[in-house]
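S.K.: Please construct the entire structure, taking both the sequences and the accompanying hints into account.
Now for the letters of each chain:
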Amino acid sequence: MTSIHIKNGFVVDPGQGIHGDKKDIFIENGKIVKSLTHAEKTIDASGMVVMAGGVDIHSHVAGAKVNVGRNFRPEDKMQSTYEPYHGIRHMAGGTSVPTVFKTAYAYADMGYTTVIEAAMPPLYARHTHEEMRDTPILDEAALPMFGNNWFILDYLKRGEIENAAAYAAWLLRATKGYGIKCVNPGGTEAWAWGLNCLSIDDPVPYFDITPKQIVSGLMEVNESLHLPHSLHLHSNNLGNPGNYTTTLDTLKLSEGIKPNNNFNREQVLHHTHIQFHSYGGTTWADFESKGKEVMDYINNNPTVTCDIGFVTLDETTTMTGDGPFEYHLNKLNHLKWANTDVELECGSGIVPYVYSKDVYVCGVQWSIGLEMALLAKDHMRCHLTTDHPNAGPFWRYPRVMKWLMSEKARNDVLASMKNEDKVRDRSTLGSIDRELTLYEIAQMTRAGPAKALGLSSSIGSLTPGMQADVAVYPYNPETESDPEKIEWAFSHAKYLIKSGEIILNDGELVSNGNKKTYWVDVTTKPNRQVERDIDRTFVKYYTVTKNNYEVTEHEFMKNPCAVKIDAVQ
Amino acid sequence: MSKRLTDIICPFCGTLCDDIEIDVSDDGKQILEVYNACAIGSEKFLHVQSPDRITRPRMKQEDGSWNEITYDEAAKYTAKVLCDAKKPLMYGWSSTSCEAQSIGHMIGEQVGGVLDNTATVCHGSTLIAMQDVGIPSCTLGEVKNRADRIIFWGCNPAHAHPRHMSRYSIYSRGYFTGKGSKSRKIIVVDPRPTDSASLADEYIQVEQGRDYELLDAFRAALKGSPLPKMIAGVPSEKIYELVEILKQGRFVVIFFGMGVTHSLGKNHNIDMAIALTSDLNNYTKASIIAMRGHYNVTGSGQVLGWQFGFPFCVDLSRGFARYNPGETSSNDLLMRGEVDGCLVIGSDPGSHFPIGSVKKINAIPTVCVDPHMTPTAAISKCHVPVALVGIEVGGSCYRMDNVPIDSRKVVDPPEGMLTDAEFLDLVLKEVNKIKGDAK
Ligand code: SF4
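Residue numbers (the working numbering), protein chains in the order written: chain U, 3 to 571; chain E, 157 to 595.
Simulated from the structure, these hints should not be mistaken for lab results.
Treat the numbers as computed from the prediction; the structure is a model and nothing was measured.
Built from N, CA and C at the ideal position, the CB exists for glycine as well.
There are no misleading hints in this set.
Now the in silico label distances, taken between C-beta atoms and shown as ranges:
1. Q186(E) with Q81(U): 49 to 57 Å
2. D179(E) with R534(U): 25 to 33 Å
3. S82(U) with K394(E): 49 to 57 Å
Far from chain U by the CB rule (all over 10 Å, computed), these chain E residues:
4. D182
5. L188
6. E218
7. N223
8. Q364
M.R.: And the structure:
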C-alpha cells in the first residue's frame, strides 16, 4: 500500500476542530499517520480543501426496491448520459436510480467513501448484499427493517424487551445488518390490509400494539444491545400536511432513554429525512412549514439526531418501506406505482415523482429542508441527505451545499419560482441570512454521521490512526466567492483516497478500491424461548426455511467487517 | 449407508421450493432418493446421474459428428466467436446462477454483446407492462398468510408449477388463513378447462385471445359501469358476481401466466391486469404476481437491472447499455439477421424460438453451454456441458416473487467437469487477452 503525503491543503476536520488551516496529511498502511519519513506519492493540495471521505447516513442504493426502481423506469436512463465502458470504468447509467457502478462513481466524484443503505427487508437481505458486493469503492452497510416485524410486534406488545432484543440480535446476524431501522411503525403492517397508522396511538390491526410502543420498545432494545447506531426511525404520517405533531410526539418518546454503547454515540434516536415530517396545515391548500418547531425540539434535545432529506427540485423515483405512503402518493400524481408487501416483516412502495419548482408545495418542501438545516444549532446532529432518491438524487449534495452556504444561491432559486410569494410566505427560509461554513458542512457530511453511526473511531475525521479516507476538492475558500464553484468543486473531487488507496487521481478513476461491508454481530444470553419461536414461525408462516434465510458472509459480502458486541450483561 | 441433506432448493421452476430433502450415498456422489419435490423436480435431480451424460466440450465437424475438445479450447473458441462478432447475442441465463450471469455480463461488456434472457419469450411483456403502469405485488408468504381470494389467469400451476398451490396459494395454511383452501376462494380464468381449473371455486372460460376485453370489463364492473350481456364469452352477471366476490375479500392475489403474456395484446393485457389490481386496492388489498417459469429467470432480470439498469434485451454493442424490446430482443435481432455470433447458456431456444430464429442460430457460430443434449446444442458449433446449477454447484437465484435464495450443492459433478461460472471465467480471461492484444 502506498504512503501518501497530501501537502498544503486547507484542512477542514471537525473531528480535530480544524477549521481550514493549511496543513499536511500523511497516510501509511491505509491509515492516517502523524508524519512520514518518506512518501511514495505526494499530492499538492495547495488552494484546495481537504476533508475526510464523506459518510452518507441514509440512502437507498442497493436492494429489491432500488432494483425495481431501475427496472421499471427505463426513462430514468434517458435523463442523463449513459456512460460508456472504458478502462477500469464499467458502463454506468441511470439518473435518480443509478446502476451500482454509477452509484459508486458518482459518490466517489463527490468525495464520499461510506454509504448506509437505509432500508433492507430481511427476507431480501441477500439481494441487498449482492448489489452492495457489486458496488465498487464504497464501504457500505445496510439497516434491516424491524418496525412491522411480527416477532417484534408480538414481543413488544407483551413488553418482552429481552426477547425482542434476542430476536433482534439474531436477525442482525441472519441478515448481516448494521442496525435497527423502523419505517412507519405498525403502519406498513396495517397496509397489508390496506390500512395505515397515522398517529403514534393508532392501533396496529390484529397485533393490538401502537406505534408509540413499537418506537419506545425498539429504542430500549437498541440500547440493551449496545449497538453502534441508535434506532433509525422514519416515523408515522410521512409527507402529510400537519404531520409535525406526530413527529414531535414521536421524538418525545426518546426522553428519559439513555445511550448505552462503547462507540461514542450520544443519541438514542436518529430521525431520518426529517423534512418530510415537518409539515403544517391541514390540506395541501394551507400547507406550510413547521420546520422551526421540529428543529427547536431537536436543538434542545442532544439525544436526538436527524438527517434532512433535502428536496432538490428534480424528477426522481420515490421509494420507501412506507407502503401506504407510496399508494397515497400515487393517488396524487397518477404515475406508475409498484408495491411489495414482505411476509411477516415489512413492505415497500415506489412511485416516480417530479418536484417542480413551479408547484408551490414542492417549493415549500424545498424551503423546509434548507430552513431546518439553517436553524440547526449543532450540525454534528443534523446530517445532509436527500433520502436518495426520495427528495432528490444523492449526486445533488453539492448543490444542497451551495444552497446552505450561499444566501444568494437560495434567493436565486426562490426568485425563479412561479409562486415565489406563496413559497416565501409558507416558510421562514427567506428571512434567514445564515450561510453555513465548510466546517459545518463537514460536520453534516462526515464527522456527524460517522459519530451517529458509531463509527467515529475509524471514519469521518483525519485524526491520526483513522482509516485513510480523504477527499481533496478544487475549492479555495480564501479566494472563491461564486457559489456555483461550491457545487462544481464538491461534485468533482480532484483526489479521493479510500483506506489508503488512491481512487481518484487528478479527477480520474484509477482504482475500484477495496470496499468493505460492515455488519453487527451481537452476542446475547441464550434464549430458548426466542429460538423456539423462530424455529416454529419459519416452519409455519415463512415460505423459505430458516436455513435458507441466513446471509452467509463469505458468499455474499465483499470484505465483511463484523462489529462484535458482547451484550450478555 | 446414506446421508440426508435438507433445505435443498429445487432448480427447476420459479416456485423455487427450498424444502427438498435428498438422500445421497455415503461418498456424496450419488442421489438415492428425493423427498418433497414434485414429479418434475425429482426428475431434474435424478437426471444428473443419467449414464449418457456428456461430460466434455465438443466441436461439430463438417460431417455433423462431434469431436471432443478441452474446456480451454472451448473457452478460446467461445472468446473468438464473441470477439469476432459485430453483434454477438448472449442469450439465456435463466437456468444458471446469478454469479455465472454476472461473469457473463462482464464478457458482454467487453465484447459489446446483447444480453437477453428467456423473459424475451415469456414474461418480457410483463416487464414492459411494469414499465408502463408499475406493479402492486407481494411475496408468496403474504399469499400464504393472508390471501382469501386467488385468481389464476392464463396459467396452469397444476402442470407448470406443481407445488405452488400447496406451498403458497391454495392449500397452504397461514397465519390468517388457518383453514387452508377453505379460507380461500379460487378463481381460474383460462380458455381451456385445465387441471388447475378443476380445483377452482369458479372457472371462467374466456374466449381465446380476449383477455384484455375481459380484464377491462372487470375494471368497468368494479366501478359499477354498465356492461354488454356477453364479454369475451362470459355473461356480464358472472362478471358482476365475481367483482363482488373480490371486493368482499380481505386480500386478493392475481397470478398470471403465459396465457396472457403471449396471447393477443401481450403487454397491454398485463397493463390491464395490473390496473385492475390497482383499482381493487380502492376496496380491499390486492396484489399481482407473474408465474415466472425458469427457476432463475427472475434473477437474470435482477442482475441485469443492478448492473445495467434494464431487466432484459440489454444491448451493449455501442459501448453503453441500450434497451428497446422489439429492436434489441433476441428474436427480432435474429430474424433481421443482425446477429453474427451467439452464446446460449441456461436455456433452449432451439426448442422455443420460432423456426426462422432457430435457422439463424444454426447458420452462425453458436456456442451452447448446457449440461444436457438439447435441440440448441444440436444446432450449435460447440457444445459445452457443465455442472448442473443447484445440484452440482450452488449459487444465488431468485424466486418468482423476487425473493433471493441461495441454492445448495447436492453432489459432485462428474470428474473434471466445470461449472458455468468456471467456464465463463475462462472465456472472460480469453476475451481480455484478445482485447488486450488488440490495443
Ligand atoms: S414446484 Fe417447481 S420448484 Fe417446486 S419441486 Fe416442483 S419443479 Fe421444483
